[in-house]
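> For reference, the chains in residue letters:
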Amino acid sequence: MDYPLIVDIFFLLLATLAVVSGWRVFCTDSMVRASFFLLVSFIAVGVIMILLTAEYLGVAMFFMMAVEMMVMAIFMVMFMMNPAGLNPMMMVHQHKFSIAAGVAIFVVLGGVALLSEFPDNPLPADLDPVASLGNELLGDSMLIFESAGIVLLTTMIGVVVLSSHRGRYGAAEEGSMPPGLEPGGDPAGMPEEGDEGGHHHCH
Amino acid sequence: MTLATLLLLAAALIGIGFYGALSQQSFVMLMMGLELILNGVMLAAVAFWALSGAGAPEGQLLTIVVMAVMAIEMAMGFALVVAVFRTKQADVTEGITGLKH
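If you read the sequences in order, they're chains A and B.
Counting along the first sequence from 1, when you hit position 192 you're at 192 in the numbering used here, and nothing is skipped either side.
Counting along the second sequence from 1, when you hit position 84 you're at 1084 in the numbering used here, and nothing is skipped either side.
Hints were generated in silico from the structure; no laboratory data involved.
The C-beta atom is built at its ideal place from N, Cα and C for all residues, glycine as well.
Watch out, some of these pointers could steer you wrong.
Taking CB as the label site, the calculated pair distances span [claimed, not checked]:
#, chain 1, residue 1, chain 2, residue 2, range
1, A, 120, B, 1087, 53 to 61 angstroms
2, A, 127, B, 1096, 20 to 28 angstroms
3, B, 1095, A, 135, 44 to 52 angstroms
4, A, 161, B, 1095, 19 to 27 angstroms
Make the full structure from the sequences, and use the hints.
Spelled out as structure tokens, the structure:
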């Protein structure tokens, strides 16, 4: 299927943006900035989906990723030292092996993309992608769609169970000490009695 | 924009995500690597749907399922991070060396 030149140009720009911002995620100093780079990468892929006429999926990607990355940024600030990127930061292990593995994955998958013969069946001209997706979701594949909904509900319950303050075997943080404000320092302060910790739920 | 270039882009995203998931020490950055892998998978699914599958609606359905997987991964990942942080005060993978409690 041939796309007009402008689509190709846009695709090239967006592909570069997606790859560069995806790569910057792992080498920026600030973890909050890393989550925004990831958001840029996702939005570039979402626009490419819209270029491929999957409008619903592209727009759903925008909404979902915008919210998800905000949550991620909040967790970054909660958990990470150095959320603002004031100090240089490179927290990696097995670095060379990881680079080699990433390159190997790219070479193998890229080789599959370039060398194998895929059928050339572009979209029919009269197809309405959104209507066809809607008919599929509430038609033939309704069981799959509903199962996904049930699994999401199960996830919510599991998340609350995992992150709730008080578990079946007593308080979740029993016996643990808060970390010091500096390495080896005194504990930063024990949680107060009666603190129910409802703010830790992520939904 | 051909199927080959789209799949190359997806392969690049999956490769970067794989690198991140293997190399990062902090749990949240590790999850970002997993998200990038799923990003590439979704792009590949949409590319196949649009250019090779003659618009079979199951292609879009697959992308929706991957999106649900992504949401589940994110929520369960953060819940596990919270649970691990509560018990071990660990926010890097080296902080957990065993399953003992």
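> None of the hints should be skipped; say for each whether it holds.
Evaluation of the provided hints:
Restraint check, residue 120(A) to residue 1087(B): a C-beta distance of roughly 54 angstroms satisfies the suggested window 53 to 61 angstroms. A C-beta distance of roughly 49 angstroms is found between residue 127(A) and residue 1096(B), which places it outside the suggested range of 20 to 28 angstroms. The hinted window of 44 to 52 angstroms between residue 1095(B) and residue 135(A) holds, with their beta carbons roughly 49 angstroms apart. Checked against the hint of 19 to 27 angstroms, the pair residue 161(A) and residue 1095(B) passes, with Cβ atoms roughly 22 angstroms apart.
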